[in-house]
Amino acid sequence: MKSRLRVLRAERGWSQADLAERIGVSRQAVNALETDKHDPSLGLAFRIAAVFDRAVEEIFDNPHRTEGPG
Amino acid sequence: MNPFTTGPASREYQLATAGWFTLYGVILFTVAWAVDGRGLAAPWVYPAAVAPALPIAGFLWTVLRFMDRSDEYVRAVLGKTYVIAVHLTLLLCVAWGFLEVYAGFRHLALFWVFPVFWVAVAVTGRFIRTTR
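Protein sequences appear in the order of chains A and B.
If you count by my numbering, then the first sequence holds residues 1 to 70, one letter each, in order.
If you count by my numbering, then the second sequence holds residues 1 to 132, one letter each, in order.
Only chain A is shown next, with the shape it has when bound in the complex:
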């Protein structure tokens, strides 16, 4: 699942470890999310969305939606 996680994290000047601490996962998990090696659970996706104050689909592409969000 493609995501804009790396860009959003870089915009805030956070390291992977910083983001990991904020969302309560390991640095490896953040790396796996950014390199498309892991699709987050719904709970984790919501936590990430809350940290960046964005909707989930503004961060993670929804491969099932044919039109844009909203």
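Quick caveat, the hints were computed from the structure, so don't treat them as lab data.
Predicted model, so just to flag it, every value in this text is computed and none were measured.
No false leads were mixed into what you were given.
Partial list, computed: chain A residues near chain B (C-beta under 7 Å):
hint	residue
1	V25
2	S26
3	A29
4	K37
5	S41
Listed next, the in silico DSSO-like pairs over lysine-lysine satisfying Cα-Cα at most 27 Å (straight line):
hint	chain 1	residue 1	chain 2	residue 2
6	A	K37	B	K80
7	A	K2	A	K37
8	B	K80	A	K2
To spell it out: a stretch of chain B is covered by chain A in this simulated footprint if at least three of its residues, at any positions, have a beta carbon under 8 Å from a beta carbon of chain A; those stretches are:
hint	segment
9	61-74
10	125-132
In this text, a Cβ means the ideal position worked out from N, Cα and C, and glycines have one as well.
Assemble the complex: chain A is given as a structure, and chain B must be docked to it using the hints.
Chain B in isolation, oriented as in the chain A frame:
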């Protein structure tokens, strides 16, 4: 980045795993000494022969605890690694069993399954990085 080798949960996992391996070795050598060296016989030889298998229950507890304390990514990678390692071990053991029956290969005792499984975990763990 290896999810099994960084973070506090993984350090505890590695320490506990090393501890269970040590206990396994100590029990194994003690039983071998008691049976071969001191002539331990029935009825005590039965619990003594089973004793080296007991640390395997400790391994299970350690793995489940590590999974419980890990995040969803590490948990999924660990689960995938163990599933593949179990099936690699089954594949090797079944293949060897038929090689014994049909091709005259040397008989190997069943206790070799345990070290074979851990070798399979170590090898598989080096390659599994995706949860898909």
